[in-house]
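J.: Spelled out from the first residue to the last, the chains are:
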Amino acid sequence: MVEQRLFGQGAAPGLARGVVCVLSAIPPVRHAALSPAEEHAALSTAITAARAEAEAQAAQAAGPAAAMLEFQAVMLADDELARPAMAAVAAGASGASAWVAAMAAEIAGYAASGDAAFAARAADLEDIRDRVLRRLAPVAPDTTPPGAVVAAPDLPLSRFLAIDWRHGGAIVLAGGSASSHVAMLARAQGVPMVVGVGAAVQALTGCEALVDGTGGEIVLDPLEATRDAFSARIGRAADERARAAGHRAGPAVTVDGTRVAVHVNIGALAELDGLDPDDCDGIGLVRTELLFHDGTGTGQTGLPDENIQAAAYRRIAAWAGGRPAVIRTLDAGGDKPIPGVTPDGESNPFLGLRGLRLALQAPAPLRMQLRALARAAVHGDLRVLLPMVTVPAELELARSLLDEAMADLARDGIPARRPPLGIMVEVPAAAISVERFDAAFFSVGSNDLTQYVTAAGRGIASVSGLADPLNPAVLRLIEGVARHGLARGRDVGLCGDAAADPRCTGPLLRAGLRSLSVAPEALGRVKRAIAAVDLRSSAS
Amino acid sequence: MNDLPAINTAQGEARLVNAVGLHARPSVKLTQAAKAFACRVEIALAAEGPWVDAKSPVKVMRVRAPRGAVLHVRSTGADAGAAAQAILALIRDGFGEDARRCGGTSHG
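Protein chains in written order, with this note's numbering: chain A, 1 to 540; chain B, 1001 to 1108.
Keep in mind that the hints were calculated from the coordinates and are not lab data.
Bear in mind that the values here come from a model prediction, so they are computed numbers and not experimental data.
It cannot be assumed that every hint is accurate.
[Claimed, not checked] With beta-carbon atoms standing in for the labels, derived distance ranges: (1) A/Ala56 to B/Gly1068: 34 to 44 Å; (2) A/Leu360 to B/Gln1085: 27 to 37 Å; (3) A/Gly352 to B/Val1070: 49 to 59 Å; (4) B/Ala1089 to A/Arg436: 42 to 52 Å; (5) B/Gln1085 to A/Gln361: 43 to 53 Å; (6) A/Ala393 to B/Gly1012: 37 to 47 Å.
Virtual Cβ for every residue (Gly too), placed ideally from N, Cα, C.
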């Protein structure tokens, strides 16, 4: 057996060893045709079952995911969808091949429409196709053995959520993206993930694989020496985690006795389950573009209606108890496009209509979100964070929308509390002249701030070395924001990836920060790094 | 058939004002609203057609009507007037995408 290596881009750090389980995009098609009447009946039954499945899933889902599942159910309920396939079956084709051909034509029409909103629905049509195919040609059940290395061309969010990751495992994708929602959830749940390994994943079924989600490398059918070395690395990483776990509970304090607040970043309500509020000082960032499952499938605003939002925010505030819970308003665009919401064809989306810019241009969703947030603020120390603020006028516009939301709620007799309004500091213009912004608190978004200050996109491998949050220019800006916050008595925190990187802990604390917000899995690691910093010495 | 007094017909047009045109959720709402009526309801991007069945989400999605397009609506049958009115109101309303009005018009 020959040891092979695959290289891709690390999308979620960590090490895992397991057997490869390939998730096929399309189950194999059965060609042996029964009589036309039997084929017709089989296809018809499969479609009805697929529709029932989509309806059941829609009933259990919330928000945008529910709307997309309902869309699938409604499409499956329409005889028109299967009409061309049924005609082919009557002419002698097998149900499966007729269905694939008919759906291929339907999907091609969406993909070729030239309209991003419709093209994005092609994925739903593919999902519809596969739901029916799974029933027509039942092959291996669509379950993944515990701890498997899941390989696929790409991994839709629904399938990521369907897999039980509690027993380990890893993700290897031929395509995919490190900035996808799946990658973000994989990082949050500690599932190692490598993307962009090329088209070879289909052939990997059953191979033993060693996955390094940090380095973006996969070893297949490893030699014994390689496996031993990898196992030793896993052991060291586990020791490291165990040591970090010892720091997970309790306050974070530096060697010299300085208390540092450590908050958590949350992208999904499920992350709160099994997370002890006492292990953190509150929630530093809730990404509402992720909170309602699948921002890419929403089509309209990226957010569900006001009541669903208010209930979710209330749950977050209740979980936090008396601790602060900072909820960021919808941050679409840049690396988080929402089909139909964010503009298409911008020459540089990171410098385009994104974040608060986009929200203020068509403010109805932001108004609704502010109403929901003010309603939930009755139930805890909920604070509202505005993304991508560039000039003070944007903050003031958002403030006036909050004024209106408060007045509307009061007029409607709906209980509400005005939440403090803070801003992300991620655009250099805001960082350099932070004193111009009358915000209740500031949250440094180190990912965007770093890439804007260094003019180096994090997603571009050839310049990723330049996108260094420890660049003195970046640290100087952070220092200025921290100093301003201290002078004015306004909280200043940092919620980018740098907060979770032990290499950055010392420099960030020396820059004056006393509040960091990290993924839940990084709590112990960061508290341990904080405990090693001595602010009385000039470096550590 | 317009000369047959027993059959009501109604026709009108409205511009798609919602964010992304006649897309997944608006299509679902449109077909649900149309199905609430017994009469035949059709939509088209031009007054001269081609007309498609507004009760079929698959056909409505195939129209791929973008934002800003003018949607023509015509209905034929006993409750044609009420149906056209309800569908046109739904389109003008941006399919109730503004929160609290969700679904309010979908029952016609």
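J.: For this structure, which hints from the list above don't hold up?
T.: 3 and 5
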